[in-house]
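Undergrad: Those protein sequence lines, which keep their order, are chains A and D.
Here the first sequence is numbered in the UniProt record's numbering, starting from 1 and rising by one per residue.
Here the second sequence is numbered in the UniProt record's numbering, starting from 1 and rising by one per residue.
To be clear, the hints were calculated from the coordinates, so they are not data collected in a lab.
Treat the numbers as computed from the prediction; the structure is a model and nothing was measured.
Ideal Cβ positions, reconstructed from N, Cα and C, are used throughout, including at glycine.
One or more hints might be untrue.
[Stated by the list, open to error] One side of the interface only, derived from the structure: several residues of chain D facing chain A at Cβ under 10 Å: (1) R26; (2) E110; (3) G155; (4) F189; (5) P222; (6) R247; (7) G288; (8) I321; (9) M323; (10) R325; (11) P345; (12) H418; (13) D435; (14) I439; (15) S445; (16) K450.
Number of protein chains: 2
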Amino acid sequence: MSDSQLEFLKQLREALPMAAKIEDRREALLENSRDFGQLVGEPVLPLAVVYPQTVADVQNIMRLSYEHGMPVISRGAGTGVSGAAHVTGLCIVMNLMQLNRIIEIRPEDEVAVVEPGVINYDLNEAAAEFGLMYAPDPASYKMSTVGGNIATNAGGLRCAKYGVTRESVLGLDIVLADGRLIRVGKNTFKGVAGYDLTSLFTGSEGTLGVVVRAVLRLRYQPVDERDVSIVFPSLEAAVMGVQSIARARVQPAILELLDLPTIRILDEQYQTDYASRGGAMLLVRLDGYGAEKEETVIREAFSDGPMTLSSSGAPEATQLIEMRRTSRGDTKDDAYRMGEDVAVPKSLMAKYVQELRKIATAHDVDVRVIAHAGDGNLHPTLSVEPESGENPLIRLSEALEESIRVAIDMGGTITGEHGVGLIKREWLTWEQSQDVIQIQHDIKSLLDEKNILNPGKAI
Amino acid sequence: MSDSQLEFLKQLREALPMAAKIEDRREALLENSRDFGQLVGEPVLPLAVVYPQTVADVQNIMRLSYEHGMPVISRGAGTGVSGAAHVTGLCIVMNLMQLNRIIEIRPEDEVAVVEPGVINYDLNEAAAEFGLMYAPDPASYKMSTVGGNIATNAGGLRCAKYGVTRESVLGLDIVLADGRLIRVGKNTFKGVAGYDLTSLFTGSEGTLGVVVRAVLRLRYQPVDERDVSIVFPSLEAAVMGVQSIARARVQPAILELLDLPTIRILDEQYQTDYASRGGAMLLVRLDGYGAEKEETVIREAFSDGPMTLSSSGAPEATQLIEMRRTSRGDTKDDAYRMGEDVAVPKSLMAKYVQELRKIATAHDVDVRVIAHAGDGNLHPTLSVEPESGENPLIRLSEALEESIRVAIDMGGTITGEHGVGLIKREWLTWEQSQDVIQIQHDIKSLLDEKNILNPGKAI
Ligand SMILES: Cc1cc2nc3c(=O)[nH]c(=O)nc-3n(C[C@H](O)[C@H](O)[C@H](O)COP(=O)(O)OP(=O)(O)OC[C@H]3O[C@@H](n4cnc5c(N)ncnc54)[C@H](O)[C@@H]3O)c2cc1C
Ligand SMILES: Cc1cc2nc3c(=O)[nH]c(=O)nc-3n(C[C@H](O)[C@H](O)[C@H](O)COP(=O)(O)OP(=O)(O)OC[C@H]3O[C@@H](n4cnc5c(N)ncnc54)[C@H](O)[C@@H]3O)c2cc1C
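Work out the full structure, taking the sequences as your base and the hints as a guide.
TA: Right under this line is the structure:
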């Protein structure tokens, strides 16, 4: 450690009260050195991990880091899957998990005010006492933080109906690169005073400021929920099924698509046997006062043909949704397996999957797909056997790149909900023009002229 | 006209094809010199009004204006109510009403691609052929343009359920101050690649770029719609009614609140007699598969007590919603009447109206209120009789300012949906800190360093 680094740490300790823990044990450094995204090479350790307990702590940390030009990676639960929280060079990690109070829930305003380290699940538990919910529900909701959800503009299962994180964020308190605290947005559902800085910070992956407090819109817990699982003979048929549901003008709360390889994995994990029944599955949740009618409409829509529907009221479909929710990502991506996150216009989902399979075959890699089908957001997982054939890693990366290019060619995006992070930065230049990327860099420089906020990520 | 102005106009004519009309008749200049917002003093005429027919026209206009440092006010239908389209000095007005093609509707993607001059109503008509709708519906929807709606992030009646304009804007083509064309956002429902520039341009009131094309999310037309009007003895009771509906976990598509003076105006305009029945009214629209159940729930919630409900299926409530939709703003604000647009946390609506009445009494001005009650967005209209008492205009402006300060003190905003424009710029400094305002000016400078895009507005 250099003298200036030692000096920085010394000043950091002095600037913070006892309660704000500073960690430099190797174990803690390692744990905070990366997220769930693929890591190329060895992990890089941060200089230290700081756990601010108050907003003032965050301000002090940023003030000092600004003075010293020390990069800071804000970190929630580290469940990100695009390497946005990866350490890549000299920096400290500011772990916000202990800044985790639910400041207030105002049930009559349908609003919650929280610190960033609150776990998504905990907020939902607290809101449930008032018959309310915080709608954005990434599959990581039992682990990930609201601050991380905001910084990635996380999606989730029920965002087809209720919108992504951005749609639930009314206002934010942000600590800027130099330690100043600002408040953007509003306390109310609507508000158009000035530019929409709230949306600018939402999804900016810790590169523009640190979220230290959020005013969130809550929604009514649905009075009724009905789950239906539908097994189709093929993936194409399941995608047609998505269109049928749309044509029936039903807006499900959840509409998940699973392909055969994914079903097989669930079968293995949960000792079930859905794979024998067909080639793809839709998991549908209908909610609210219309749920009963919508269930009827959907059952009618799929009454003839080779589909198998779960019986009404049986726990099966609900279990499957839970399985789907908790199935993915238990293991991190590694060199031989990459999870993707493209989104394409809804009508092109079947075509996209066909292309994907062609690509997989051409490069001799495996592919499985789950999709937030209501949004056209697909999560293909491409993988190779480490020992198989020639240059497995090259085959994998070629297949991956082609799969991204095809999505872009179809008018899609490289990332529907996971963010650009570190891993998708190059692909961003495939999707966006140089002018658009330049504007983002200019905004970044404006707010972080020393480039200390999670440098090298997101844009 | 100075030589340089003449030279600019000459070059403008040369740069544009015949089809792109340039107007300098006084009548056209006058018509394009202001919006529906209050005008202080005499109208200022622009140098010329240009009607681009193509995106290339817009680029040429901006390129030339950039070279000459000529300010440009983008203009849709001019129905704005905050003076955002007012001419305040030397400039040209770029009227986008003729750039009005619906480029495509992709029903299976639930997406429309439009030019900015398309009238909101026309887009809805076109979408209806596919059983779809464009949800944002400002009461001006028969006149206002989609481009203007985007530039103001317009709200509307059904945004409590379906969100404001921003929630329906997926991607934008923007012509920048120097004439460059960029594409931001996405074609898909979800997408988090890079910073959210789409939201930055949405609501920026023509100060950051010109919207020349928009990819919009459409929603399903509801399979069922049920309207209920409820007359309450008092405004306080009606606001309690809003809470009762929320507690019943019903999310109406429309939930409008009318106070007694507003009801009297409707009565006058439509020869009805609702004023005799009570002191305030809620207009409720329930839609979708749950509408029938929701209607039952609402009727039960208000079954005892002094409320009068329209009978089920009767045309009355629907007519009232139409009346409400078309009642306001037929006449522009003037010196003696100011329409406001605050939003407060939902639970404080009743308290806010009480304060408002106190303020009105104290300053001897009249007040009436309508509200998008589902959002906590209130439109008080304050007015004085020109001949009444001492200094009517001072009384009005003092009452107005107090009404704004009280909204801010309650955690509200100066503008729920109309925008800051010219008229609310000073108030913005009451709501937002100097740091936050500075960031917005910095972003403005970044994108428009010559300050030619609708200068002096929005921030
Ligand atoms: C099993 C599993 C399932 C998942 N399912 C989904 C899903 O359905 N939808 C989805 O969108 N994502 C999903 N993800 C990805 C991930 O959970 C989300 O991106 C989540 O929002 C990250 O939250 P986090 O608290 O873990 O943030 P982290 O991973 O710690 O950080 C993510 C980014 O946010 C920044 N950040 C964190 N906190 C702050 C803050 N307070 N201020 C500023 N910047 C901050 C970090 O610097 C980093 O750039 C899943 C991940 C896993 C492992
Ligand atoms: C009767 C009436 C009812 C109304 N009801 C509502 C309501 O319910 N909800 C609501 O939110 N508003 C309402 N308004 C206000 C107004 O209709 C909205 O603000 C509307 O969005 C303005 O659209 P426009 O086409 O008239 O835009 P204009 O008034 O022409 O312009 C508004 C702003 O947008 C900019 N602009 C316009 N087009 C573009 C473009 N293509 N690119 C860049 N900038 C552009 C202008 O420079 C200006 O700053 C109402 C107004 C009236 C008169």
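Undergrad: Now look at each hint and say whether the structure bears it out.
TA: Structure-based check of each hint:
1. R26: Violated, because the Cβ-Cβ distance from R26(D) to chain A comes to roughly 33 Å (cut-off 10 Å).
2. E110: This hint holds: E110(D) lies near chain A, its Cβ roughly 7 Å from the closest one there, short of 10 Å.
3. G155: 6 Å, holds
4. F189: Holds - the Cβ of F189(D) comes within 10 Å of chain A, reaching about 4 Å at its closest.
5. P222: 8 Å, holds
6. R247: 8 Å, holds
7. G288: Where the cut-off is 10 Å and the nearest Cβ of chain A is about 5 Å from G288(D), the hint holds.
8. I321: Violated: closest Cβ of chain A sits about 19 Å from I321(D), beyond 10 Å.
9. M323: With a closest approach of 23 Å, the M323(D) hint is violated.
10. R325: Check failed: Cβ of R325(D) comes no nearer than 18 Å to chain A, outside 10 Å.
11. P345: The hint holds - P345(D) has a Cβ within 10 Å of chain A, the shortest such distance being about 4 Å.
12. H418: Hint on H418(D): holds, closest Cβ of chain A at ~7 Å, below 10 Å.
13. D435: Holds, about 5 Å.
14. I439: Holds: closest Cβ of chain A sits about 7 Å from I439(D), inside 10 Å.
15. S445: Holds: closest Cβ of chain A sits about 9 Å from S445(D), inside 10 Å.
16. K450: Cβ of K450(D) sits 16 Å from chain A, so the hint is violated.
This entry does not satisfy hints 1, 8, 9, 10 and 16, going by the numbered hints stated previously.
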